[in-house]
Amino acid sequence: MIEIFGVPLPSLMGQLTLGLVNGSFYAVLSLGLAVIFGMLHIINFCHGACYMLGALFTWMAMEYFGLGYWWALLLVPLSVAAIGIVLERLLLQRLYKLDYLYALLLTFGIALMIEGGFRYLFGATGKPYSIPDELTGALDLGFMFLPKYRAWVIGASLTVCLFTWYMIEKTRLGAYLRAATENPKLTQAFGINVPVMVMLTYGFGVGLAGLAGVLAAPTTQVSPLMGSNMIILVFAVVVIGGMGSILGSVITGLGLGVVEGLTKVFYPEASAVIVFVIMAIVLWLRPAGLFGKGA
Amino acid sequence: MNPQRLPYGYLAAVALLLVAPTLVYPVLLMKIMCFAVFACAFNLLLGYTGLLSFGHAAFLGSAAYLTGHALKVWELPTLAGLVIGTLGAGALGWVVGTLAIRRQGIYFAMSTLALAQLMFFIFLQSEFTGGEDGLQSVPRGSLFGISLSSDTTLYYLVLAVSVSAFWLIHRSIHSPFGQILKAIRENEARAISLGYDVNKYKLLAFVLSAAVSGLAGALKTLVFTFATLSDAHWHTSGEVVLMTLLGGVGTVFGPVVGAAVIVTLQNELADKVGSMVTVIMGFIFAACVMAFRRGLVGEIIALYKRMIGEKVQ
Chain A
1 MIEIFGVPLP SLMGQLTLGL VNGSFYAVLS LGLAVIFGML HIINFCHGAC
51 YMLGALFTWM AMEYFGLGYW WALLLVPLSV AAIGIVLERL LLQRLYKLDY
101 LYALLLTFGI ALMIEGGFRY LFGATGKPYS IPDELTGALD LGFMFLPKYR
151 AWVIGASLTV CLFTWYMIEK TRLGAYLRAA TENPKLTQAF GINVPVMVML
201 TYGFGVGLAG LAGVLAAPTT QVSPLMGSNM IILVFAVVVI GGMGSILGSV
251 ITGLGLGVVE GLTKVFYPEA SAVIVFVIMA IVLWLRPAGL FGKGA
Chain B
1 MNPQRLPYGY LAAVALLLVA PTLVYPVLLM KIMCFAVFAC AFNLLLGYTG
51 LLSFGHAAFL GSAAYLTGHA LKVWELPTLA GLVIGTLGAG ALGWVVGTLA
101 IRRQGIYFAM STLALAQLMF FIFLQSEFTG GEDGLQSVPR GSLFGISLSS
151 DTTLYYLVLA VSVSAFWLIH RSIHSPFGQI LKAIRENEAR AISLGYDVNK
201 YKLLAFVLSA AVSGLAGALK TLVFTFATLS DAHWHTSGEV VLMTLLGGVG
251 TVFGPVVGAA VIVTLQNELA DKVGSMVTVI MGFIFAACVM AFRRGLVGEI
301 IALYKRMIGE KVQ
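Residue numbers (the numbering used here), protein chains in the order written: chain A, 1 to 295; chain B, 1 to 313.
A portion of the hints provided could be inaccurate.
Label-pair ranges, simulated between beta-carbon atoms [claimed, not checked]:
#: 1; chain 1: B; residue 1: Val19; chain 2: A; residue 2: Leu225; range: 41 to 47 angstroms
#: 2; chain 1: A; residue 1: Tyr64; chain 2: B; residue 2: Ser147; range: 55 to 61 angstroms
#: 3; chain 1: B; residue 1: Leu303; chain 2: A; residue 2: Arg286; range: 28 to 34 angstroms
#: 4; chain 1: B; residue 1: Ser175; chain 2: A; residue 2: Lys185; range: 18 to 24 angstroms
#: 5; chain 1: A; residue 1: Phe143; chain 2: B; residue 2: Ala80; range: 39 to 45 angstroms
#: 6; chain 1: A; residue 1: Gly6; chain 2: B; residue 2: Ala189; range: 39 to 45 angstroms
Subject to a maximum C-alpha distance of 27 angstroms in a straight line, what follows is the list of computed DSSO-like cross-link-like pairs (lysine-lysine) [unchecked claim]:
#: 7; chain 1: A; residue 1: Lys97; chain 2: B; residue 2: Lys311
#: 8; chain 1: B; residue 1: Lys305; chain 2: A; residue 2: Lys97
#: 9; chain 1: A; residue 1: Lys148; chain 2: A; residue 2: Lys264
#: 10; chain 1: B; residue 1: Lys182; chain 2: B; residue 2: Lys272
#: 11; chain 1: B; residue 1: Lys200; chain 2: B; residue 2: Lys182
#: 12; chain 1: A; residue 1: Lys264; chain 2: A; residue 2: Lys127
#: 13; chain 1: A; residue 1: Lys148; chain 2: A; residue 2: Lys170
#: 14; chain 1: B; residue 1: Lys182; chain 2: B; residue 2: Lys72
#: 15; chain 1: A; residue 1: Lys127; chain 2: B; residue 2: Lys272
#: 16; chain 1: A; residue 1: Lys97; chain 2: B; residue 2: Lys182
#: 17; chain 1: A; residue 1: Lys127; chain 2: A; residue 2: Lys148
#: 18; chain 1: A; residue 1: Lys185; chain 2: A; residue 2: Lys127
Footprint (simulated), chain B over chain A, 3 or more residues, beta carbon under 8 angstroms [claimed, not checked]:
#: 19; segment: 93 to 102
#: 20; segment: 105 to 119
#: 21; segment: 132 to 144
#: 22; segment: 263 to 273
Hints are computed from structural coordinates only; laboratory data are not their basis. Don't be surprised by glycine CBs; every beta carbon is placed ideally from N, CA and C.
Please build the complete structure, drawing on both the sequences and the hints.
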């Protein structure tokens with residue numbers, strides 16, 4: 001058997017793909033944060049809660065309505081986005097003129113309510129969700145077996161990121177969006193309904209978090225607590241990569257997932273902290289972040 | 001309140017605090033005081049420097065562990081334990097502050113949260129802290145030959161230390177140093193152009209805040225005779241933000257009032273509603289942000305100013 005630094009190749013590749021899977025979640029979540037931040041200039045603390053909602057709704061759809069994975073993949077992100085839109089209309093939009101910290105604190109409060117509420121209803125224990133039949137099994141790549149579901153998560157996440165990039169950078173809608181980010185008043189004067197765009201942007205951002213939750217459901221135990229640990233990690237990812245560029249978010253997310261996966265192989269004790277340690281080093285050496293444009 | 005009458009107000013408050021343990025369960029009062037000190041320290045940053053630290057639990061937790069370890073394993077005297085906890089948290093504050101103030105605004109908040117999570121995982125895995133079990137049955141020891149094992153005796157120590165900490169924060173806010181911090185909060189660019197080394201002042205405020213938070217954590221270990229992971233959990237970081245926000249950001253007494261309300265509320269609700277407590281805390285958060293951003297004390301001050309005919313912003 002081939003070994004690299006004393007680690008058998010299949011187990012190394014296994015952790016590497018697992019790292020890519022986690023990295024895909026970091027990428028999609030930090031992309032959602034970046035899209036929301038770009039347009040609304042707020043940091044969405046309930047992003048982790050929306051990710052958790054995505055996974056939990058997927059589980060609930062199966063448990064209570066018998067709706068399978070593919071239906072969940074379509075409906076759950078939409079329903080999470082709908083919840084986001086309601087929150088934006090009812091609460092968030094009243095805070096845009098104030099200091100950024102109020103929106104952060106409001107979304108933190110919302111995250112606590114969502115997490116506490118679902119913990120009250122379902123308890124803290126994780127619930128298993130099985131991989132859909134179409135994606136069970138593994139692909140034989142010669143040097144390793146790649147579980148189909150992992151390949152699907154990585155592929156789907158990259159497609160979503162690419163789609164978002166294309167939407168924002170290459171379409172007319174994206175051009176409006178960028179214009180509204182740059183100068184909302186002037187954009188509105190050209191007859192574009194900026195408040196609606198802001199609302200849809202927030203919905204899209206949290207919808208992405210919901211989608212990541214659906215993708216994550218079969219890879220982990222679905223639990224009301226899965227969002228809060230994730231969001232803190234994603235904050236570290238965002239501090240490392242900055243929120244200035246879409247491509248930056250994706251590369252940072254995937255890269256950190258891989259580094260985390262490799263840490264699990266070579267020095268498992270540090271795997272929980274490696275992302276935070278990298279963040280500390282980046283803050284020390286390159287305070288603007290890897291892809292940042294200053295503060 | 002009329003400035004000339006203020007000393008009487010303080011005297012009345014101190015008199016009330018001296019007899020309080022005969023009226024209310026002293027452990028609850030001590031818990032309130034620990035969190036009041038914690039929230040005042042936090043307010044020094046958020047209210048007077050404009051820095052939102054979302055990782056202050058790291059300082060409370062690290063001091064709680066350091067003091068616990070010093071008293072239990074190293075068998076040091078109580079006072080030495082308190083000093084070690086406070087200094088340790090201050091040192092940690094220096095490291096975290098040095099890193100976090102390299103970024104501004106929203107990134108500062110996220111960095112502090114992530115660095116506190118790093119500390120949480122370190123506490124979780126290290127032997128020093130007892131991991132998931134925490135440090136149990138930490139001896140309270142004695143001070144000047146008086147045993148602190150009685151809750152009432154300990155109450156007066158906690159009261160004396162808390163009042164001193166409050167006074168320290170109060171003095172810092174009203175000193176030239178505090179004025180510079182406010183200048184940074186109001187307009188950082190202007191403070192820089194006036195020749196102030198803004199980052200140095202921010203770091204100093206951060207270290208001071210971390211050390212006083214540490215003092216709160218050290219006292220907390222004495223009160224409960226244990227130190228656990230929940231002290232360092234991000235929930236605790238959120239709680240101190242909530243206490244300050246509810247009481248009134250940037251008011252002297254706000255954090256004290258906020259701490260008293262939240263701790264009492266948690267104490268009353270913990271057995272009755274279980275994890276719904278989190279929902280209620282989240283709701284108070286949202287309500288504060290949406291409806292009364294001045295906080296309880298801030299609203300009272302605004303009401304008073306309106307009554308005497310002053311303009312309120």
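Within 8 angstroms of chain B (C-beta), three or more residues of the segment 263 to 273 of chain A: holds (count 3)
Restraint status (C-alpha distance of B:Lys305 to A:Lys97 at most 27 angstroms): holds (25 angstroms)
Straight-line alpha-carbon gap A:Lys264 to A:Lys127, limit 27 angstroms: holds (24 angstroms)
Satisfaction of hint between B:Lys272 and A:Lys127, Cα-Cα up to 27 angstroms: OK: A:Lys127 and B:Lys272 at ~26 angstroms, within 27 angstroms.
Pair hint A:Lys97 and B:Lys182, alpha-carbon separation not exceeding 27 angstroms: Judged against 27 angstroms, a Cα distance of about 22 angstroms means the pair holds.
Range agreement (Cβ of B:Ala189 with Cβ of A:Gly6, hint 39 to 45 angstroms): Because 54 angstroms falls outside the window, the suggested range is violated.
Distance restraint between A:Lys148 and A:Lys170, which requires alpha-carbon spacing of 27 angstroms or less: Not OK: A:Lys148 and A:Lys170 at ~32 angstroms, beyond 27 angstroms, violated.
Supplied distance hint 28 to 34 angstroms, evaluated on CB atoms of B:Leu303 and A:Arg286: With a Cβ separation near 48 angstroms, B:Leu303 and A:Arg286 fall outside 28 to 34 angstroms, so the hint is violated.
B:Lys200 paired with B:Lys182 [C-alpha distance capped at 27 angstroms]: Holds, at roughly 14 angstroms.
Verdict on chain B covering the segment 93 to 102 of chain A, criterion of 3 CB contacts below 8 angstroms: holds (count 6)
Pairwise beta carbon distance, A:Tyr64 to B:Ser147, judged against the given window 55 to 61 angstroms: holds (59 angstroms)
Distance restraint between A:Lys97 and B:Lys311, which requires alpha-carbon spacing of 27 angstroms or less: Distance of about 22 angstroms is within 27 angstroms: holds.
When each numbered hint is compared with the structure, violations occur for hints 3, 4, 5, 6, 10, 13, 14, 18, 21.
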